[in-house]
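**Student:** Protein sequences appear in the order of chains A and B. Residue 230 in the UniProt record's numbering sits at position 230 of the first sequence, with consecutive numbering throughout. Residue 555 in the UniProt record's numbering sits at position 555 of the second sequence, with consecutive numbering throughout.
Take these hints with a grain of salt, some might be off.
In the PhoX-like style, the derived pairs of lysine-lysine whose C-alpha atoms are separated by at most 20 Å in a straight line are [to be verified]:
(1) B:332 <-> A:288
(2) A:288 <-> A:389
(3) A:62 <-> A:79
(4) B:408 <-> B:383
(5) A:62 <-> B:62
(6) B:408 <-> A:408
(7) B:332 <-> A:332
Don't read these hints as lab results, they were simulated from the structure. As the structure is a prediction and not an experimental result, all values here were calculated from the model.
Number of protein chains: 2
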Amino acid sequence: MTDTLIDRRDLAFQLYEVLDTASLTARERFSEHSRETFDAVIETADRMAHDKFATHNSAADKDEPRFVNGQVEMLPEVKDAFRAYAEAGFIAGRYDYELGGMQLPESVMAACNGFFTAANPGTAGYPFLTTAAANLIRVFGNDQQKATFLPHMLSGRFTGTMALTEPHAGSSLADIRTSATPTDGGHYLIKGAKIYISGGDQSITDNIIHMVLARIKGAPAGVRGISLFIVPKVLVDADGNPQQRNGVALAGLIHKLGYRGTTSTALSFGDDAPCHGYLVGEPHQGLKYMFQMMNEARLGVGFGAAVIGYRGYLHSLDYARERLQGRRLAEKNPDAPQVPIIEHADVRRMLLAQKAYCEGGLALCLYGARLVDDQHTHPDPQKRLEAGKLLDLLTPVMKAWPSEFGPKANDLAIQVYGGAGYTREYPVEQCWRDNRLNPIHEGTNGIQALDLLGRKIWQDQSHGLQLLMQAMQVDLEAATTARCQQWALSLSETLQQAVKVTQSLGKTLMQDSPERVLANASVYLHLFGHIVVAWMWLRQANAAAKALADAATDDDRHFYQGKLQAAQYFFHWELPTVAQDLVLLRNQDDTCLNMQADWF
Amino acid sequence: MTDTLIDRRDLAFQLYEVLDTASLTARERFSEHSRETFDAVIETADRMAHDKFATHNSAADKDEPRFVNGQVEMLPEVKDAFRAYAEAGFIAGRYDYELGGMQLPESVMAACNGFFTAANPGTAGYPFLTTAAANLIRVFGNDQQKATFLPHMLSGRFTGTMALTEPHAGSSLADIRTSATPTDGGHYLIKGAKIYISGGDQSITDNIIHMVLARIKGAPAGVRGISLFIVPKVLVDADGNPQQRNGVALAGLIHKLGYRGTTSTALSFGDDAPCHGYLVGEPHQGLKYMFQMMNEARLGVGFGAAVIGYRGYLHSLDYARERLQGRRLAEKNPDAPQVPIIEHADVRRMLLAQKAYCEGGLALCLYGARLVDDQHTHPDPQKRLEAGKLLDLLTPVMKAWPSEFGPKANDLAIQVYGGAGYTREYPVEQCWRDNRLNPIHEGTNGIQALDLLGRKIWQDQSHGLQLLMQAMQVDLEAATTARCQQWALSLSETLQQAVKVTQSLGKTLMQDSPERVLANASVYLHLFGHIVVAWMWLRQANAAAKALADAATDDDRHFYQGKLQAAQYFFHWELPTVAQDLVLLRNQDDTCLNMQADWF
């Protein structure tokens, strides 16, 4: 078992050598920051994640929250960790100084949060959800709502939740039924039931601010009739001081496969007592508001999946270096000492695949965080717009790719451990269980695929796609060594084929029913995701090849050699798998579309 | 949640329409049987699995065996289930009538055991291990040993275990250290420690017969110095009546990710009291004996992986038919009723993939069981020999392929359920956890890959490989419809490329160090496995196409259409993925071989 949550050397490489995060300090918003302050915040996050979060990661999994007399009982360490996170200012890390924030870039905050998730995804869920809920109020709430709720959420006195899903509707938000009836008092009365609400109750804070999607009586059917409400667990006065209990009740806890430290709740609204809700923004705009925050939420899921994968990788790497077993194939003397299993090529294969998946996923999500920064703070307004479009396009990939390949890495980590990996005495099985949530929540990966091929690709006459190709072109041209140029060539050829197949899919989409094209949306997502991550590996390889030439120490040389070898793994072993995607998409394969329910 | 453990219609198709299992009754050993007796035994297994095993599958997972005062406490239902299995004669199902057996073919017994594993893999472990241990004594024990132990194992009075693994050696059996010292009394004194011994203690029977690998003092180093011993938990007289306790002690229970109902134990031998062991067969031949039983053990693992995958598939199919969510893409009216999720093409993709993996895996393992039957009972001695060679060759595939793709199916089953699949309120997460053991035990899949490419392919001048190609040729030629012929062509072309790459790998293996070739053994295993399973799908498709033409009912037509569509899925979506394997193998890609431990 290793203490390392994320390899700091790798993170510094990705942030400063690949992404030039230090250049952000030239922007007005970050002008009081420097690489030193960024590193100091990251150091704080790493240490706190280690000292306050990692300590009870296994305990919170084994001794999960319990539903006792209508209340949640959970480990006291979770509250301590939450407090430490809030007191260090991380909930408000991205916020303006005047709101008590640190005005940190998303690039740095995402990196910080990576440590907390790597240490303990269950406990990290509470502050992350609080930030997300606070963001909705900050952007769409009125001044009164902001004054009442934000200070207490940012200080960690209240937590927050996102209450979307309903039992009968699942992913189909168009079908939510929770109702909101206006009253003369300015508030609405909320009635209905929600399910799978993470952090919907806890024993950390007295109050919880639920951001609830509901339908105002008489609203249009479907997604255009949904509004967003603030529904506090405890009603508060204008300054946020708690008054009486509101009519939202914990109906039960859901027992999950992993991520057990984060409560997953069924909530009822207005069943036993009236439930007050406060409309956020305009009526019927709730889903639009929610989706404007969705890029960051989905990026957060991808980031989490990448770092849980990364954590398992580091554990299995540590184990493979220590564990003695067997001999090299060429060794014929049975009395020769056993070797560490990292000496076996097949074990190196499993480690290298994990490295390629997790460092690639991390690179993708850090790139996404940088797009968030550019969208909000790039000095050129045109670049801000473009960053937003690129972010929109890449969001389904940044959610889905790490959440497919992070769990795959965790699966390989178990296999490296062998029998030990299958026991609860070792940490990798928990990583694997925890990470299995990520392909499901915040829109299943099947829904991400529909979002990509059904909408994002074509948005604004495919402007996002053109921007992506321009961005990739820069890195294709930056390849200077023979190895990098060869990979750039593979990427460029694959990209051309993908563009061609995209055009032909676009034609069919226009002409016919979309069903035939969208039946293979998951295949397209795999193709697109692999191309984007190959690009991330080319960027890393370009940076590593350049740095290798000047590397002064063995440690540095080994680090850059490792990056190049992982890039080679991705280009030799992974990128070519899209050949099969291209064939299926070119043929507009109808195997799944034509399968009949009766034939199963 | 569905009650169906394995689709009986599918099983009948595979056993009788694809494999002609009924023809076995023409052989002398099975001459008292008929299709009716086979079906009656299968019916008994299905019913008993349902009534006695499935009932506590979830309970035994949640309330796993505990180590209390040096003893194991476990659910009483496990004992009842074990007794029912033993009393129905299943432990001795394959044995001669004179040993109290039923003289059932492996084909039928494997199918029967499929129901028990599908119902409850944890509880099924105890009788299966007992059969395996009894087989070792039956084949290699002396008459006294057989008389003393076999009747009590076959009746279920004693259970059995296979005690191979040691803490410091893991997969490297050459390094086991447990020692055996001869005494004047004819027995040996055993001293050492074993780990991950399944069923190493329990509260089902008073006695347990451990089959232990140990090294007689002065034996040669490595695998050629290992002997096999019978080590009973309680010493017995010549008739098997229990006398005093033997010096084998339960050192602890290991807490697993899944398969929790089967105890996984650490055992100590001769620590607190002398531990008697009885040599089986000749000294230093223990590993050879073990490996002669390994084909069947590994086939059992593959079978288990296929049916746990199958069980998850049936659950998710049931859920997809019932669960209403969203609308078809073409439906623009938000007030239209929601549809069952099986109507969404991406859900059908996930169901069809599961069907292709699990029915393909089942076909493979039933084919393997038939080879076991042919090896032992084919009337032509030449065919017996050939069946044994084919079985040898295919064993690593039959172990590894279902144990890769069964868990993959379980992963898809969770995804079909969405959020519900991630909860312990639904059954698919347990299937996924249980099945994760199968790529690890009985030789990890990495070791299967080395066995295939390092040994089995080349054995007897590749006679096994030639037999395989002959057997495939029969089915390639039997393809009569246009669809089947197209698939036969794909398979034939892929096979030719695989043969070519195999020859070139063989040359390098002879000339150079084997390391470069064997570094990619796992890639070869994937290639080889996919070709073999594609063949299994061609066999099913040929049978289905023929039967479809004469099908009399809608149910039959739907069944055969489903088989053909699943075959199409395998040929369009799965078989082409080996293109990437072929490239890596042709290039003798050295990415993993050349990765240095320092570079990680």
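**Student:** Could you work out which of the previously given hints the structure breaks and list their numbers from low to high?
**Tutor:** 4 and 7
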